[in-house]
Each structure stands twice: as C-alpha cells, then as structure tokens.
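Visitor: Sequence:
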Amino acid sequence: MIPIAREVFWGPMAYAMIGGIIIATLLTLLFLPALYVAWYRIKEPTDEQRQQAADKDEGEHAQPAH
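Sequential numbering from 23 applies to the sequence shown in my numbering.
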C-alpha cells in the first residue's frame with residue numbers, strides 16, 4: 023500500500039486502507055479485550071479464591087496404577 027500512496031489516482035484509497043488497518047488493529051488489541059472483560063464481568067481472583075483453587079488442585083493429582 024505504501025508504494026501506491028504516492029500516486030495521484032490511488033493515493034487517497036491507499037491512505038484510507040492504511041488508516042483502516044491501523045485503527046482495526048488497535049481496536050482489536052485494546053478495545054476488544056476490555057469489552058470482553060466488561061461484558062463477562064471478569065474480576066481478578068481474591069487471595070481466598072486462589073488458595074481454594076490451589077487446595078483443590080493438590081487433591082486431584084493422578085495416582086500411579088499398581
């Protein structure tokens with residue numbers, strides 16, 4: 023897109039496409055994850071929840087077959 027940006031005929035379209043790609047990339051990387059967190063109301067787990075998860079994981083290890 024950069025080479026055709028200098029041309030008189032294709033220049034405006036090239037700049038519009040470059041801008042659109044940049045804006046779409048920024049929205050995908052920044053806005054979409056924030057929207058996902060807000061939509062599903064994801065919160066960072068508390069210390070108590072982390073401890074409960076760790077305790078639960080300790081008891082679920084596979085035992086070797088004899």
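Keep in mind the hints are simulated off the structure, nothing from the lab. Incorrect hints may appear among the rest.
What the hints assert, rightly or not - FRET-style restraints, in silico, Cβ to Cβ:
no.	residue 1	residue 2	range
1	G33	L54	29 to 35 Å
2	L57	D79	27 to 33 Å
3	P25	T68	33 to 39 Å
4	A36	A76	50 to 56 Å
5	D79	R28	31 to 37 Å
6	P25	Q74	55 to 61 Å
Every residue, glycine too, gets a C-beta built ideally from N, C-alpha and C.
Visitor: Taking the hints in turn, state whether each one holds.
Guide: Hints and how they fare:
G33 and L54 have their C-beta atoms about 30 Å apart, which keeps the hinted 29 to 35 Å range intact. Taking the beta carbon of each, L57 and D79 are about 31 Å apart, inside 27 to 33 Å as hinted. The supplied range of 33 to 39 Å is broken by P25 and T68, whose beta-carbon atoms lie about 54 Å from each other. Checked against the given bound of 50 to 56 Å, the beta carbons of A36 and A76, roughly 54 Å apart, stay inside it.
The hinted range of 31 to 37 Å is not satisfied by D79 and R28, whose Cβ atoms lie roughly 59 Å apart. The hinted range of 55 to 61 Å is satisfied by P25 and Q74, whose Cβ atoms lie roughly 58 Å apart.
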